[in-house]
Amino acid sequence: LNTGDQPMQLFVVYSPAGPELALRDLPDFKLLPREANN
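Read in the numbering used here, the sequence shown has 161 at position 6, and its numbers run on one by one without any break.
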């Protein structure tokens with residue numbers, strides 16, 4: 156539940172690595188480009 160006035164940002168870690176590749180097959184999957192850190 157986000158009670159703030161800003162969008163909630165999540166950092167997700169899948170451990171052990173590998174199962175997250177199955178998420179790409181989901182119909183609502185969207186890969187967002189990484190933001191450049193200058």
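Just so you know, the hints here were simulated from the structure itself, not pulled from any lab data.
Yeah, the Cβ is synthetic: ideal placement off N, Cα and C, and Gly gets one too.
There's no promise every hint is true.
[Said to hold, decoys possible] Label pairs and their calculated CB-CB ranges:
1. ASN157 to LYS185: 26 to 34 Å
2. ASP180 to GLY159: 26 to 34 Å
3. GLY159 to ARG189: 22 to 30 Å
4. ARG179 to THR158: 13 to 21 Å
Hint check results:
{"no.": "1", "hint": "ASN157 to LYS185: 26 to 34 Å", "in the structure": "violated, 19 Å"}
{"no.": "2", "hint": "ASP180 to GLY159: 26 to 34 Å", "in the structure": "holds, 33 Å"}
{"no.": "3", "hint": "GLY159 to ARG189: 22 to 30 Å", "in the structure": "holds, 24 Å"}
{"no.": "4", "hint": "ARG179 to THR158: 13 to 21 Å", "in the structure": "violated, 32 Å"}
Going through the hint list in order, the structure does not satisfy hints 1, 4.
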